[in-house]
Structure formats: C-alpha cells, structure tokens
Amino acid sequence: MAEAARRVQSGPPKRIGVRGWVYAGRYGLDRYLYILQRASGLGLILYLFLHIYETGIRLRGEAAWSATMALFRTPVFVVFEFILFAGFVFHALNGLRLIFAELGWLLGPPTRPVYPYRTSIRRHRPWVYALMVLTGLFVALAAWDIFVLLD
Amino acid sequence: MRESRWWILSLSAAALMVVLLTLHMGLMHLSGLMKVLGVDPGDVRSFAAVMERGRSLAQMVFYLLFLGAALYHGLYGLRSVLLEVTPPRGQGVLSGLVLAAGLLAFAYGAYVTVRTFTG
Ligand code: HEM
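In order, the protein sequence lines correspond to chains C and P. Each residue of the first sequence is one higher than the last, beginning at 1171 in the numbering used here. Each residue of the second sequence is one higher than the last, beginning at 125 in the numbering used here.
Some hints here could point you the wrong way.
To spell it out: a stretch of chain C is covered by chain P in this simulated footprint if at least three of its residues, at any positions, have a beta carbon under 8 Å from a beta carbon of chain P; those stretches are [what the hints assert, rightly or not]:
#1 1207-1216
#2 1255-1267
#3 1279-1290
#4 1303-1317
Note that these hints are calculated values from the structure, not bench results. Note that this is a predicted model, so its numbers are computed, not measured. For glycine and all other residues, C-beta sits at the position ideal for the given N, C-alpha and C.
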C-alpha cells in the first residue's frame, strides 16, 4: 500500500538515465540519428579543445610546429583525422537537416489525422535518405584523399 | 536571456559554421582532392603557410568568428548533455564551469590568432 502511494506520488520511473543515450528502443531511425548527432558533436568539441592547444604550438617556433605536423602524419593520427572528418560530415549535414526541421521546413504541409496516418516524420524521410547518401559520398571522397592521394 | 534564445543562438552559430567549417575542413583536410580538381593549395600545414595566412586581416577575422561560433555551439551542446544528468541544485554551477572553460579557450585561441597576425 505504502509502495503504491509512493508510486502515485512520484510517478513511474520516467528516466532510464545514461542508457537512454544509446538505446533507442522502438523509436528507430530518427532516434539513432539523434544519438549519432550527439556522439559526433561531443567528439568534435573534445577535438576542438585539443585543436586550440595544438595550433598554439606555432608560437613556439618552426621546429616545434614541424615536429607536431610530422606526428600528425603517422598512421594512427591519419586514421583519427579520417574519423574526425567523417564525424564532421555527418554532424554538419544531419545538423542542417535538423535546423530546417526545427524551422518547420521540409516537413510537408499539416494534414488531418485521418487513417492511414502519414506523420511529418514520414513525409520528411526522403530527405533523411538523401542526406545519408550525400554523407556516404563525402566520407568516401575524404577516404580517397586522406588514405590514397596524400600518401 | 531566456533559454530558447540561447538555443537559437546556438543554431545560428551552427548555420554560420556550415560555411566557415566547410571552407576550413576542405582546405586543411582535403587538399589532395583540391589538387585533383585543378586548385593546388600547396602544403597548407607547413609553418610558412600557416604564418603567412595568419598575417592576413581577413583570415584573422575569419578565425576569431569561427572560434567563437564553434566554442559557443559546441559548449552549449555539451552543457545540454550534462544538464540531463545534473540535479537542479548543480545546474547553475555546471553552466558557470562550461562558460569559464569556453572563455578560457576563446582567450587562448584569440591570443594565438592575434599574436600570429601582429607577427
Ligand atoms: C557545420 C557545422 C554544424 C552544424 C550545422 C551543427 C548543427 C547541430 C544541430 C542542429 C544540433 C542539434 C541541436 C539541437 O537540436 O538542440 C547539434 C548538436 C551538437 N553539436 Fe553541432 N553543428 C555543427 C558543428 C559542430 C561543431 C564544430 C561542434 C563542436 C565543436 C558541435 C557540437 C555539438 C554538440 C556537442 C551537440 C550535442 C547537443 C545535444 O545532443 O544536445 N557541432 N549540432
């Protein structure tokens, strides 16, 4: 009884905490894109701090700068550079899509909720596919540049 | 300022970055591809190239804008993520810490940019 009263007061547990950041349950594609948007964004901000530090090395003169750039040409860093680039491409294109959606664009006109329902998410879906194809294309071009052309 | 305004500011910074970051990433990370397209930017990461770019006023303004936009948007995002796991009592402190980190990083980045410009 006391337990039931407590549940009425505080409500059922609504949060699944950090697990909710990676588990999309039945929400599907859009929810996974959101997770990727968040993960790539966090990767980019972490990199930005390293990048601000690393570009400051130029003030210590040419030798220090060239040594840092030589380090960045080693295989491990080249792979990191590619991952960074892929994260940027995804985050930028998906982010642009989100900004448009948040402004109410690319969602189609509002319609009456008549069965079979067609939600704005469904109407928006072709844009999601188009942007994923574009992301794949840019990532492939980046792989060609970073791993083949600059070798 | 209301939270929704800070959020709109973060989206505006993101929109600005679509232009700035694309130019920056294209030049600094895809110079091999640019060469294939007929524009040879040379060794964009050499000390001489970095210092020469840094001495142009347009570049300095570009980098200061870019630095501000990227730090604001990125740290606003980081704060949103952390707010989800911070109890209400700690949220003011969290915002203060994120703001301090952003101001410090901006100050250092701006110092490097201006020092390169003035030579
Ligand atoms: C082309 C540039 C970019 C665009 C168009 C863009 C766009 C976006 C959008 C629309 C969101 C979702 C925000 C929301 O709906 O509340 C987002 C989230 C985020 N962005 Fe960006 N972004 C860009 C670059 C960056 C960069 C350079 C960083 C890091 C320095 C960054 C860090 C983040 C973070 C950490 C989040 C997570 C916010 C969350 O999950 O609540 N973004 N971005």
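Evaluated hints:
no.	hint	verdict
1	1207-1216	holds (count 5)
2	1255-1267	holds (count 5)
3	1279-1290	violated (count 0)
4	1303-1317	holds (count 5)
In the structure shown, a violation is registered for the earlier hint numbered 3 alone.
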